[in-house]
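Using the sequences and the accompanying hints, generate a full structural model.
Top line first, the protein sequences correspond to chains A and B.
Oh and the first sequence: position 48 is 48 in the numbering used here, straight run, nothing missing.
All you need for the numbering used here is the position in the second sequence, starting with 1, plus 1000.
Bear in mind the hints are in silico, worked out from the structure with no lab data behind them.
Remember, predicted model here, so these are calculated numbers, not experimental data.
Any given hint could turn out to be false.
Keeping only pairs whose Cα atoms sit at most 16 Å apart, straight-line, the calculated EDC-like set for lysine to aspartate or glutamate is [unchecked claim]:
1) B/K1041 to A/E15
2) B/K1041 to A/E44
3) B/K1038 to B/D1085
4) B/K1036 to A/E44
5) B/K1041 to B/D1085
6) A/K3 to B/D1085
7) B/K1040 to A/E44
8) B/K1041 to B/E1084
9) B/K1040 to A/E10
10) B/K1022 to B/E1052
11) B/K1009 to A/E15
12) B/K1053 to B/E1067
13) A/K3 to A/D29
14) B/K1019 to B/E1067
15) B/K1022 to B/E1084
16) B/K1040 to B/E1003
17) B/K1053 to B/E1003
18) B/K1036 to B/E1003
19) B/K1036 to A/D102
20) A/K114 to A/E15
21) B/K1038 to B/E1084
22) B/K1038 to A/E44
23) B/K1018 to B/D1085
Sample of chain A residues with no beta-carbon within 10 Å of chain B, all distances over it, derived [stated by the list, open to error]:
24) S42
25) K70
26) D86
Only some residues are given here: those of chain A computed to face chain B with a beta carbon under 7 Å [unchecked claim]:
27) W66
28) F91
29) G108
Ideal placement from N, C-alpha and C gives every residue a C-beta, glycine not left out.
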Amino acid sequence: AQKVTQAQTEISVVEKEDVTLDCVYETRDTTYYLFWYKQPPSGELVFLIRRNSFDEQNEISGRYSWNFQKSTSSFNFTITASQVVDSAVYFCALSEAYNNNDMRFGAGTRLTVKP
Amino acid sequence: DTEVTQTPKHLVMGMTNKKSLKCEQHMGHRAMYWYKQKAKKPPELMFVYSYEKLSINESVPSRFSPECPNSSLLNLHLHALQPEDSALYLCASSPRTSGTYEQYFGPGTRLTVT
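Written as C-alpha cells, this is what we have:
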C-alpha cells in the first residue's frame, strides 16, 4: 500500500521568508499521482497541484513551486515570499493509478506565517 | 463551477439520534467520496462511489450508512454514533475514480456526538 511522509509537523516563519514543505512517498506502482492540498482554518481542503509519475518537470505557479524527484521519492513544495494568508495545514497525498482514486494523505504540515 | 456543497455545517447529536449529512456537486463528476478527519489528523477515506455504486468501503462501522441517490447527491446516514465519531466529515468528488483526477472537497460538516 502507498505511504506518504511529511516529517515536518509544524513550521513557523516570518512574512516574506521562503519556506519549503517536504513530502516523501512510497509506492510499488510505476504509475501514480501526487497531490498537494491546503487546508485553512475554515476546514475546506483546497487543491493546489497534481503530478503524475512520468512528469518530473518542476512547476511554478506564482509564489508556489514544486520539486518532484523520483530518485529520492520526494515531492517538495516551496512558498516564496510567504504571506500571512498562507497560514494553513498543507497535505501531500498519493494515489496509485488503478485503485479507485484511494488517495492517501500524509500527516500534514501546519504552516504559520507571522506578520 | 468547482463547488461541492455540504449541509449542515455543524451538527450536534446524541448517541440515540438518527441524522443525515448531505453532499451535492453539479460538476458532472461520477465519483464521490466521504472522508472522516479527526483534529490534527489527515482525512481518512470512508467510502467511494463510482457511477452511483459503492466501490470502496474502508471497513467503516455499520452505524455509518452511505447513499448515492443520483450522480449529484451523496448522503451519509448516521445512527447510534459514539462520542469518538465526533469529527469533521468531508465530501469530495472527481470526474472518475482514477488517480488521474484531483478530488474537489466540500467545506465539511463538523459533527459532535454527545
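Now for the hints, and whether the structure bears them out:
A hinted pair counts as satisfied when its Cα atoms are at most 16 Å apart, and B/K1041 with A/E15 does not qualify at roughly 26 Å. Simply put, B/K1041 and A/E44 have alpha-carbon atoms about 14 Å apart, close enough for the 16 Å limit, and the pair holds. A hinted pair counts as satisfied when its Cα atoms are at most 16 Å apart, and B/K1038 with B/D1085 qualifies at roughly 9 Å. As the CA atoms of B/K1036 and A/E44 are separated by approximately 13 Å, the hinted pair is consistent with the 16 Å bound.
In summary, the hint linking B/K1041 to B/D1085 is supported, as the alpha carbons are separated by about 14 Å, within the 16 Å threshold. Our distance criterion of 16 Å between C-alpha atoms is broken by A/K3 and B/D1085, whose separation comes to about 24 Å. With a C-alpha separation of about 14 Å, the suggested pair B/K1040 and A/E44 falls inside the 16 Å cut-off, and the hint holds. Restraint check: the Cα-Cα separation between B/K1041 and B/E1084 comes to about 14 Å, which is no more than 16 Å; the hinted pair holds.
Annotation: proposed proximity of B/K1040 to A/E10 holds, straight-line Cα distance about 11 Å (limit 16 Å). A threshold of 16 Å between alpha carbons decides the hint, and for B/K1022 with B/E1052 the separation of about 15 Å falls inside it, so the pair holds. Taking the CA atoms of B/K1009 and A/E15, the gap is about 32 Å. The hint is violated against a cut of 16 Å. Distance hint between B/K1053 and B/E1067 is fulfilled; the C-alpha atoms sit about 9 Å from each other, no more than 16 Å.
In summary, the hint linking A/K3 to A/D29 is supported, as the alpha carbons are separated by about 12 Å, within the 16 Å threshold. Simply put, B/K1019 and B/E1067 have alpha-carbon atoms about 13 Å apart, close enough for the 16 Å limit, and the pair holds. Restraint check: the Cα-Cα separation between B/K1022 and B/E1084 comes to about 21 Å, which exceeds 16 Å; the hinted pair is violated. Of the supplied pair hints, the one linking B/K1040 and B/E1003 is violated, its CA atoms being roughly 25 Å apart against a limit of 16 Å.
With a CA separation close to 22 Å, the supplied pair B/K1053 and B/E1003 exceeds the 16 Å bound. Straight-line distance between C-alpha atoms of B/K1036 and B/E1003 comes to about 19 Å, which puts the hinted pair past the 16 Å bound. Distance restraint check for B/K1036 and A/D102: the Cα-Cα separation of roughly 14 Å lies within the 16 Å cut-off, and the hinted pair is therefore satisfied. Between A/K114 and A/E15 the CA atoms are separated by roughly 6 Å; this keeps the pair inside 16 Å, and the hint holds.
Distance check on the hinted pair: B/K1038 and B/E1084 sit about 9 Å apart at the alpha-carbon level, within 16 Å; holds. For the hint linking B/K1038 to A/E44, the alpha-carbon distance of about 14 Å falls within 16 Å, and the restraint holds. Restraint check for B/K1018 and B/D1085: satisfied, since their Cα atoms lie roughly 14 Å apart, inside the 16 Å limit. Non-interface call for A/S42 relative to chain B: violated, since the shortest CB-CB distance, roughly 7 Å, does not exceed 10 Å.
With a closest Cβ-Cβ approach of about 16 Å to chain B, A/K70 is found to remain outside the 10 Å limit, as its non-interface label requires. Every Cβ of chain B is farther than 10 Å from the Cβ of A/D86; the closest lies at roughly 19 Å, confirming the non-interface assignment. Below 7 Å, beta-carbon pairs count as interface contacts, and A/W66 has none with chain B, the closest being about 14 Å; its hint is therefore violated. Here the hint on A/F91 is kept, as its CB sits about 6 Å from the closest CB of chain B, short of 7 Å.
Interface hint status for A/G108: upheld, as the beta-carbon distance to the closest one in chain B is roughly 5 Å, under 7 Å.
Going down the numbered hints, you'll see the structure goes against 1, 6, 11, 15, 16, 17, 18, 24, 27, while the others check out.
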